[in-house]
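Could you build all of it, start to finish, from the sequences and the hints given here?
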Amino acid sequence: MWNFTTGTEAVPSSIKKTGKKTFNELGILIVLAALCVFIGLFNPVFFTATNAINVLRQISVMGIIAVGEAFVIITSGIDLSVGSFISLGGVSCAALIVAGVNPWLGLVLALALGAGLGFASGLCVVKLKLNPFITTLAMLNIVKGISYLISGGLPIDFDNPVAVLGGTVGPIPVPVILMFIIIVVGHIVLTKTEFGRNIFAVGGNEKAAKLSGIRVDRIKFAVYAIIGVLAAFAGIITAGNLNSADTAAGSGMELDVIAASVIGGCSLSGGQGSIVGVLIGAGILGVIRNGFVLLMVSNYWQMITIGLVIIAACAFDMFRRSKQ
Amino acid sequence: MENSELLRVEHISKSFPGVKVLNDININFRKGEVHAILGENGAGKSTLMNILFGYYRAEEGDLIWEGKKVSLHSPLEAQHIGISMIHQENSLIPYLSVMDNIYLGHYPKNGAFIDKRKLRENTADLLSELEVPDIGPDTPVEKLSVAQKQLVEIVKALSLKPKLLMMDEPTAALTAKETHTLMNIIGKLCREGTAIVYVSHRMEEVFEVADKITVLRDGIMIKTVDKVNIDIDEAVRLMVGRDLENQMSSMKKRAPESISSEVVLEVRGLSRKKKFEDISFVARKGEILGFGGLVGAGRSELMESIFGFDKTDSGEVLIKGRPVQIKSPWDAARYKLALVPEERKVKGLFPDLSVGDNINIASYKKLKKGKLIDKKLETEAAQRYVEKLNIKTTNIKKRIGDLSGGNQQKAVLSRWLQTEPEILILDEPTHGIDVGAKAEIYGIIRDLADQGITILLISSELPELLMLSDRIIVMSMGRVSGIVEPQDYSEENIMMYATGQKKSNLSECLKK
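Chains as they are written, first to last, in our numbering: chain A, 1 to 324; chain B, 1001 to 1512.
Calculated from the structure, these hints are not laboratory results.
Incorrect hints may appear among the rest.
Computed list of chain A residues with no C-beta within reach of chain B, every gap over 12 Å [unchecked claim]:
(1) P171
(2) F180
(3) I214
Label pairs and their computed distance ranges (CB to CB) [said to hold, decoys possible]:
(4) B:P1323 with A:N131: 35 to 41 Å
(5) B:K1398 with A:A138: 30 to 36 Å
(6) B:K1020 with A:A52: 47 to 53 Å
(7) B:S1074 with A:P44: 48 to 54 Å
(8) B:P1140 with A:A138: 28 to 34 Å
With the C-beta cut set under 8 Å, the calculated list includes, among others, these residues of chain A facing chain B [what the hints assert, rightly or not]:
(9) A49
(10) K192
(11) T193
(12) E194
(13) F200
(14) K207
(15) A208
(16) K210
(17) L211
(18) R215
(19) G271
(20) Q272
(21) S274
The beta-carbon is built from N, C-alpha and C at its ideal position, and this holds for glycine as well.
In structure tokens, the structure reads:
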């Protein structure tokens, strides 16, 4: 008799085969590899360890925030405000420390501020039902303003223990280590936890997600708070690296972060994406920037190329999906 | 009658990666004839229609249109030669008016501009010619009911004055009244010489409307016959290739006294503005409580409110005698409620996620080891349900959007069964599902009830409702209009309550 309550019976062999896993990131990985080979052929300096570390250091801030952006985009949202959060993270942490707060407590408070303002974006999206694009565009301005209010527009000295986050361990920059830790954690959260699965469900079909007993509101609050924390953290790392917190830091970073996510296969209509893809996406941007410097090609061509890569990545993604 | 042939399908075959979906299909479609195509989901009906509509291309075979070989590369080309299709899924644009939707793509023009007056007149003419009630040319489509949208969809297809009109489940969302309207339209079109290809899972309806019937099974053409030479039982046997009688005969009514007297769910005076008013009922342990009524009677809205997806304005819900506050589906799940929603694509399915994820999405709490989801547990859980509900998929990693409707529905049902509910709400659980899968789902529903699960079953298919339900609550215009006990079961009786009439025309037109 049909009985759905028993949980332990054997799985019939006829359906044991689970099918081969398709590696969706293969396409962009090939693009990344091809770029590396191309640049390396013209300038062997590209393949030196120093240069590799350099590239990784340059993409570390982008990579850290892109993890959060991927979460947001997979819920079919978007966050345009991360540039201001970078600025706020550095400036608020610096100001607190200068005011005499314990540096590590200052760090925690700055991160909490990032989480709180990110949560506020989530609140607008969920409760006021505002479009995420508009909400975070507004938040970009609001947070930048708060950052200026704190700093008065002047750079703040960032000479304190927290600055190690922007330093190096031996030859390896700490930001790079932090980026890899955050990427690994982000990947596990997205693929192996209930929260991660729910993120995909919310982006895939919000009504169905709600009817499946998923607390959609909480998932959205959480992803905006997470990207707020990550962007603030990236700001503190930047300040640590420069030994100075500058309000102008992070300007325009939102576009890099979104580009990395999209090149990495996150669908702006939600429900699809991966952290591995995002890392590769950030890598492609980093390698193009680095390569153009090494090949002594004008900065303007670099911008055009990045634009073309974004179009190519999305076109490839559409092609792959239409094949399904 | 040689010249009455409109379209001849010759030796058509089509494969998708890994499966041959159509194999050597030969059919003649004649002018003024309704040709029904029957088959289970996955039998190849939709693929065939999509080939005729220029959406897919056949690998082998020819289409002979009015005696000439044609090849169709796009739906636009199909429309140009006179083939039109009414889609199962709504393809209307909600923000545009009825007339804009109908004439989108072939607006009447006045120079470079749209001729608004002509547009409105043409639309009004079409609507009145087809006797579509209560819809004006200027009404925004989003204001229409599901059934009205379906009618607009039909009018839209007719606005192209097609010679061949394909209808894919045209009555799935229609009430008896609108079905009647549609049958009239079909009759009129046939008299004017239009050929109609008709696909529906509702056998009574097919046998009412069709002149010829072609049965497909697993992509193979089983038979084309004149309707007068076949009956429903025979057609179903051809479709499924096995005898359904066994499955159906186990569906004999249960004795009322065999149902426990323990009240599991009680609803008292539940109201929601403009949706439903003052609804009260009790449901007992292991009971299948049917909910009958016309589309728009407020049944789905009631269930979604009980389930916390929508708000209620007043009234109480008691579970096992205790008043509960269910503010969200998450709350509902904690009280062991489950709801399989009506519009599967809109509210049930995660089309881009895998079959496995679709089954497990509500149960990850049980599939974790520590904080992380355990791969082995989740795979086993999904495969268990794939096997138990006989979900036809090559593997659980497959994108669920690529499965047939019946298999998608079973996956959504699995999702909720896995939460081990005590009260299971099923809203049109067999909507758009083939006969074989229907019988399987009926079996599952009865088994669940036998195991003590309380089932609230909404169905607009009266035979289904009458067969499964232990009692039937009939709703009309947002109110309970009658509670029917088994001894009073009949389609007429239900329809009488559903329409609020003493002796209903509707029940007559259903019988016809």
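Hint check results:
Listed as a non-interface residue, P171 (chain A) keeps its Cβ farther than 12 Å from every Cβ of chain B; the least gap is roughly 33 Å. A cut-off of 12 Å between C-beta atoms confirms that F180 (chain A) is not in contact with chain B; the least separation is 19 Å. The Cβ of I214 (chain A) does not lie farther than 12 Å from every Cβ of chain B; its closest approach is about 7 Å, which violates its non-interface assignment. Taking 35 to 41 Å as the suggested C-beta distance range, the pair P1323 (chain B) and N131 (chain A) conforms, at roughly 38 Å.
Between K1398 (chain B) and A138 (chain A) the beta carbons are some 42 Å apart, a value that contradicts the proposed interval 30 to 36 Å. As the Cβ distance of K1020 (chain B) to A52 (chain A) is approximately 51 Å, the hint placing it in 47 to 53 Å holds. Take S1074 (chain B) and P44 (chain A): their Cβ atoms lie about 52 Å apart, and the range 48 to 54 Å holds. One distance hint, 28 to 34 Å for the beta-carbon pair P1140 (chain B) and A138 (chain A), holds here, with the actual separation near 30 Å.
Restraint check, A49 (chain A) versus chain B: the minimum CB separation of about 34 Å is more than 8 Å; hint violated. With a cut of 8 Å, the hint placing K192 (chain A) at the interface with chain B holds, because the nearest CB-to-CB distance is about 4 Å. For the restraint placing T193 (chain A) at the interface with chain B, the shortest Cβ-Cβ distance is roughly 6 Å, inside the 8 Å limit, so the hint holds. A hinted interface residue such as E194 (chain A) counts as satisfied when its beta carbon comes closer than 8 Å to some beta carbon of chain B; here the least separation is about 4 Å, so the hint holds.
For the restraint placing F200 (chain A) at the interface with chain B, the shortest Cβ-Cβ distance is roughly 6 Å, inside the 8 Å limit, so the hint holds. Using the Cβ-Cβ criterion of 8 Å, the hint placing K207 (chain A) at the interface with chain B is satisfied: the shortest such distance is roughly 5 Å. Annotation: interface hint on A208 (chain A) holds; nearest CB of chain B at approximately 5 Å, less than 8 Å. The closest approach between the C-beta of K210 (chain A) and any C-beta of chain B is roughly 6 Å, which is under the 8 Å cut-off, so the hint is satisfied.
Hint status for L211 (chain A): holds, given a least beta-carbon distance of 5 Å to chain B, under 8 Å. Hint status for R215 (chain A) relative to chain B: holds, with the closest Cβ pair at about 5 Å, below 8 Å. The beta carbon of G271 (chain A) is positioned within 8 Å of a beta carbon in chain B (closest approach about 5 Å), and the interface hint is therefore held. With its C-beta approaching chain B no nearer than about 6 Å, Q272 (chain A) sits inside the 8 Å limit, and its interface hint holds.
A least Cβ separation of about 13 Å between S274 (chain A) and chain B goes past the 8 Å threshold, and the interface hint is therefore violated.
Hints 3, 5, 9 and 21 from the earlier list are contradicted by this structure; the remaining hints agree with it.
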